[in-house]
Amino acid sequence: MKTQKEQTIYYPNYRLKIGFFQTWVIMLKNILKSKELIIELFKRDFFATYRKSLIGISWILISPIVGIISWVLMNATGILNPGDVGVPYPAYVLLGSSLWGLFMGFYTSASDTLNAGIGFINQVKYPHEALLVKQTAQHLANFLITFVINIIVLLLFSIIPDWKIIFFPLLVLPMLFLAAGMGLIISVINVVFPDIPKIVNVVLGFVFYITPIVYSTETNSSFLNKAVELNPLTYLIGGVRDLIIYGQLIYPERFIFVAFISFIFFMFAWRIFFVSEDRVIEKMI
Amino acid sequence: MNIKDLEKDTVIKVEDLSKKFTKSLKRSMYYGSIDMARSMLGMQYDSEILRKGEFWALKDISFEVKKGETLGILGLNGSGKSTLLRVLSGIFPPDKGKITINGKVGSLIAVGAGFHPHMSGRENIYLNGVILGMTKNEIKNKFESIVQFAEIDEFLDAPVSTYSSGMRVRLGFAIAIHCEPDILLVDEILSVGDISFRNKSLRYMAEYRNKAQAILFVSHDIEQVRSLCQKAILIDRGQVLHYGDTVETIVKFEELAREERLKQLKRENESHSRDFKIHFDSDYVRFLKIGVEDKNGDETEVLDLKGSLKVVIDFEVKEKLEGLSINLPIVRDDNLDVYCINAFSDLNIKLENIVAGKYRASLYMEKHNLNPGVYTFGTLTFRNSKTFETLAKIKANYVFKVKSNSKVMEKGFIDVDQKWDFIKQ
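Taken in sequence, the protein lines are chains W and R.
Numbering of the first sequence is given in this note's numbering, commencing with residue 59 and proceeding in unit increments.
Numbering of the second sequence is given in this note's numbering, commencing with residue 6 and proceeding in unit increments.
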């Protein structure tokens, strides 16, 4: 015989008996092992969706362009009067809202992790972590297209992004961790208790307004100021925007603190996903 | 536990495996939430106790598959066969017991999982292949062979949505079997495609047995199980009813299927308002009752193979008849007329000049010659044997079964005594 074959043992609660740190090793290994699966699923969901449409993949460009046009128009009509933000307002809002979109996209795609495998998740055994990566990659691809357009618009408003923009990928990581962590947990909850994700979505709609995206951080309401100050997204989203526009982080210590907490949270969420997902797979009918 | 704990040639060992499900959807979601919350908090979940509304989909299943073995899994619909395969392949976690598996498991549970209808056959081969755990290189190497097996070469670049259902299944099957896992779990899959494809798949399976460490094979096709498996396990309502030699298990399975069929036919009869349907009674003859009796004269619904049959028919003659004939077909549950019993056949009895009154006609056959199966009576007909006028017609809803008491499979529906000579010339 060749080398010793792999041995698998299943018993009740076996995932709970796997050590806390072991979880991350296993899940990272699984992701590396299934990189081809991730690529194929990505191709399926990113490209094949547009197969039937006339203009095909160009649809990806259309929605961000329409979004930008509407912001520019609204600004031109003077409906929005935000106070001084130091740069042309449309550019400020555009960047902020596309970063918010990035955060929400990370969250939604992560919360669809288990759903993305519907149809074969209870037919074939494969690491479901792969689905998270595929979901996130798919969203990133969408975002990148929007982002490039955004940068072009910034240039049109003659805002030259600071050279520190090269740190952009690093700075969105905490946002990704927070969103993916929330999404992973919600993805499991969604199978058995679909009411909770709906509530979370409503709450997130509210959070949008206590994040300085369509207004600047200095407002007249002390309540709003407090809410904005306590909202981690103020630092995660605002931080990235400020870096691009002003070339600096306004609250570097707070950014680093929130980023660290987000990372820890993600690690916990990952473990929570790992121990609870197999309990809900059988309910995915 | 390490590998030494298993005997060297054991590939799969299942010990007291149980799995529970919930009947109602709302409750299932509720329990799901609780179990999920417990797991999230790191608390173990009491999987061994049944909560309200739960039932054991699998209960205390134990078996062992040795290297080179093919195990057939038999059972009626809903007995837990597919659940067992899902637990074995690691999709569902067990609630009790333990499973030890040595080797890479691949399953043919659902073919074409994850197919995208707008993608071409070619692209779907790669997609489905990686979902099933192959690497891209492996798929590339086996690509020609997959296409050839699926017989789809001219449609390779057409989207899968344009394929016929047969083509889709063939493609899915071809991809799945090219994974070549050590342990193959097959669920009811060789019944796909047309006859020639089915035969090809069967031939492939038979060959693959030599390569694989073990194959677990769920099928309703008894012939397939018999030709492929050395051992079989019979599951009923989640429990092992029999485990051992294939033919023995098949005989038990067929008996179980007959039992179920008998119950089902009886239920159908009960749901009718009367236990027989009279096409018509005439002024001459009125039907009263029909039954099958055992040796002691008690009504029965179970006959022994190679045993006797006693049929009792009660009726009333209202006016004097110059001649009477009684005719009753015996029908298998699939509506096949097996033979007809009639009062003509016995030449010792002359049913002539019958005066009015109640009568009992009983037929006794030393050997009923019926093979194991579920049988009913066809339409009972009373005729005037002189004028051939029909006097009464009744469809009696009486079901009985012939049970198997041998360890061999009986084929056909008639059991005949055979005497052979074997002489060298």
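Simulated from the structure, these hints should not be mistaken for lab results.
Bear in mind that the values here come from a model prediction, so they are computed numbers and not experimental data.
Some hints here could point you the wrong way.
[As the list claims (entries may be wrong)] In silico SDA-like pairs for lysine to any residue, Cα to Cα no more than 20 Å straight-line:
1. R:Lys141 x W:Asn88
2. R:Lys216 x W:Gln65
3. R:Lys18 x W:Ile67
Q | R:Lys216 paired with W:Gln65 [C-alpha distance capped at 20 Å] | A | holds (19 Å)
Q. Holds or violated: are the alpha carbons of R:Lys18 and W:Ile67 at most 20 Å from each other?
A. holds (9 Å)
Q.
Please verify whether R:Lys141 and W:Asn88 have alpha carbons no more than 20 Å apart.
A. holds (16 Å)
The structure agrees with every numbered hint stated previously.
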